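There are 2 protein chains.
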Amino acid sequence: MTSRRQGNYIAISGGVGGAKLALGLSRVLAPDQLTIVANTGDDFDHLGFFISPDIDTVMYTLADLSNKELGWGLAGESWQFLEALERLGGEAWFRLGDRDLATHVMRTALLRQGATLSAATGQLCSALGIAHPVVPMSDDPVPTVVHTKDGDLGFQHYFVRDHCEPEVTGFEFKGIEAAHPAPAFADALAADELSAVIVCPSNPFVSVDPVLHLPGVMDAIHRARVPMIAVSPIVGGRAIKGPAAKMMAELGMPQTALAVAEHYVGRVDGFVLDDEDAGLESAVQDLGMETLVTNTIMTTLDDRVALAECTLDFARRIGTGNTK
Amino acid sequence: MTSRRQGNYIAISGGVGGAKLALGLSRVLAPDQLTIVANTGDDFDHLGFFISPDIDTVMYTLADLSNKELGWGLAGESWQFLEALERLGGEAWFRLGDRDLATHVMRTALLRQGATLSAATGQLCSALGIAHPVVPMSDDPVPTVVHTKDGDLGFQHYFVRDHCEPEVTGFEFKGIEAAHPAPAFADALAADELSAVIVCPSNPFVSVDPVLHLPGVMDAIHRARVPMIAVSPIVGGRAIKGPAAKMMAELGMPQTALAVAEHYVGRVDGFVLDDEDAGLESAVQDLGMETLVTNTIMTTLDDRVALAECTLDFARRIGTGNTK
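Chains as they are written, first to last, in the numbering used here: chain A, 388 to 711; chain B, 388 to 711.
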């Protein structure tokens, strides 16, 4: 698909919600116009596998391999491995599907052979026929630790094993001070052609913050003088997917798109609100952000493409100072 | 099942053929009367997994989980992982089934946590409900290298990847000089109650020799003054399973049960020939071995139990010097 649009874009994505907009953007922008940067704070070592859930979700979504019934994982997945593992007394709380396992085995083997996470991701994407670059936020490990009233938990232990039940008190991105943005992410941030950074509708605390808190990332965005646009993952006081709203309540924040915008103050220039939250628009503007109100619920592929188009138009208007 | 038999036995087994007799023996002897020692020369690291094919075949056979149609692997196996791996450009020549993979993942995780291969095998057997001890020949790696006219090959590369096609010139058991019999194997060899050692119908060169060549094993058998009985894996000039006959031809040996007996001269006291090879009996006796001629083709469970009974009776007769 050739694009009638100009410029280059970075999309920052967590898992399912973010990947939907990343897919929309990939239908509107050519492969050399879009760099999709995936959060790797959720990555963890499990049963000897290096598992990178957000990279996988983005890859599977872009390759049209994602499981629409489950809302995560691969289409046509089966669970023979997991059943056999459970029988052997192995840890079965993290739902490793038979097909999905191949991704983890391949990535782990590549990393053991000395490949960076960027190189391993590139090889997997290439094998899956994904044209647009999917880039880990960093090749350095930056595991998210969830501080809870029950103690510290690795992200997947909090998210999957404990079903987000422990009450959250804060987050820590271990090792982030010494981590570097992955080379392709740094290059995209430094490129002359960069037009905007799009923060996909992902969890602000555990999907987006790890990326934006990487040393040098916000500086590079400011230096580039390009707008950063965030699409709210909270609509009508609910998280479309995942624990964002529950986390906000536990952190003493209102569970609203406005509170998400407040979280991004000083970082985000334009904020995309769902039609349902039109009433919050002027409050978001009062934070010093431009606003766009549109449908952000991405049920169909058309919804994803439409939101991508709107968001890119919005970014262009902010970039040219023509925000009407 | 309680046993009316006396004494303790060691069964030495490679893969499929050996495991059938090991199963028969397990139906005749109580768990505290039988130690099944599996060859680990075939073990290899593949895609980051520690794979122990003969241990697995013995375990799956004893747990009644083996795939009767394929003749190897697990019943009800599926191949979604392998298909996905192939799609990702991974090495798919070693047929890792979805269920089988759980065994490798579990074993590899246990070894990485510091367990010995003996301990990991014990844990897997326990999870599979296997009452009789299955013991690796050694906790030290002793990988078989197959010398061929095309160069040296790891055993699985020769056996599975290259379909036993390269012409064999010899074998090497790497590191065997420094390897020790696994503790439970050494204990069984040293036990006062030891009555006989049964060499199951497995490949003499790559399944049995690695076990018998381990430092101290033959000495211990001689010290124990118990008979060692071998069941021929060659019947009517053909290997029941696997490349034994082809190897014999390439090594310049006749492809006969007699040549197997010759290979075992000085080690084996009693040799079990199939009815089809009754004509070789006196030639085997001329090697200084006692002989038993019986049906050694184990198609049904009854065949396995019958061969186990005959072989144990034969061992007892040799042990008491009453070989009529």
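By construction, these hints were calculated from the structure, which means they are not laboratory data.
Possibly wrong hints are sitting among the right ones.
[As the list claims (entries may be wrong)] Okay, the calculated bits of chain B under chain A, using three or more residues with CB under 8 Å as the criterion:
no.	segment
1	407-415
2	466-476
3	504-514
[Claimed, not checked] Okay, derived cross-link-like pairs now, SDA-like style, lysine to any residue, Cα gap no bigger than 25 Å in a straight line:
no.	chain 1	residue 1	chain 2	residue 2
4	A	K455	B	W466
5	A	K455	A	E649
6	B	K561	A	L688
[Claimed, not checked] Simulated coverage check for chain A against chain B, where a stretch passes if three residues somewhere in it have a Cβ under 8 Å from a Cβ of chain B:
no.	segment
7	411-421
8	474-483
9	495-501
10	627-634
Every value quoted in this text rests on a predicted model; they were computed, and no experiment measured them.
Note that the Cβ used here is the ideal one computed from N, Cα and C, for glycine as well.
Are the Cα atoms of K455 (chain A) and W466 (chain B) separated by 25 Å or less? With a Cα-Cα distance of about 22 Å, the restraint between K455 (chain A) and W466 (chain B) holds, given a limit of 25 Å.
Given coverage of the segment 495-501 of chain A by chain B, tested with a Cβ cutoff of 8 Å and a minimum of 3 residues: Answer holds; 3 residues pass the 8 Å Cβ test.
Would you say the segment 407-415 of chain B counts as covered by chain A, given the rule of at least 3 residues with C-beta under 8 Å? violated (count 0)
With a cut-off of 8 Å between beta carbons, are at least three residues of the segment 411-421 of chain A near chain B? With 0 residues close enough to chain B, the hint is violated.
Against the 25 Å threshold, does the CA-CA distance of K561 (chain B) and L688 (chain A) hold or violate the hint? Distance of about 57 Å is beyond 25 Å: violated.
Residues of the segment 466-476 of chain B with Cβ under 8 Å from chain A, three needed, outcome: holds (count 9)
Given the hinted pair K455 (chain A) and E649 (chain A), is their Cα-Cα distance within 25 Å? violated (33 Å)
Verdict on chain B covering the segment 627-634 of chain A, where coverage means 3 or more residues with a C-beta closer than 8 Å: Contact hint for the segment 627-634 of chain A vs chain B: violated, 0 residues under 8 Å.
Is the coverage entry for the segment 504-514 of chain B by chain A consistent with the three-residue Cβ rule at 8 Å? Satisfied; 3 residues make the cut.
Against chain B, does the segment 474-483 of chain A show at least 3 residues with beta-carbon separation below 8 Å? Coverage by chain B holds for the segment 474-483 of chain A (4 residues, Cβ < 8 Å).
The structure does not agree with the numbered hints 1, 5, 6, 7 and 10 stated previously, though it agrees with the rest.
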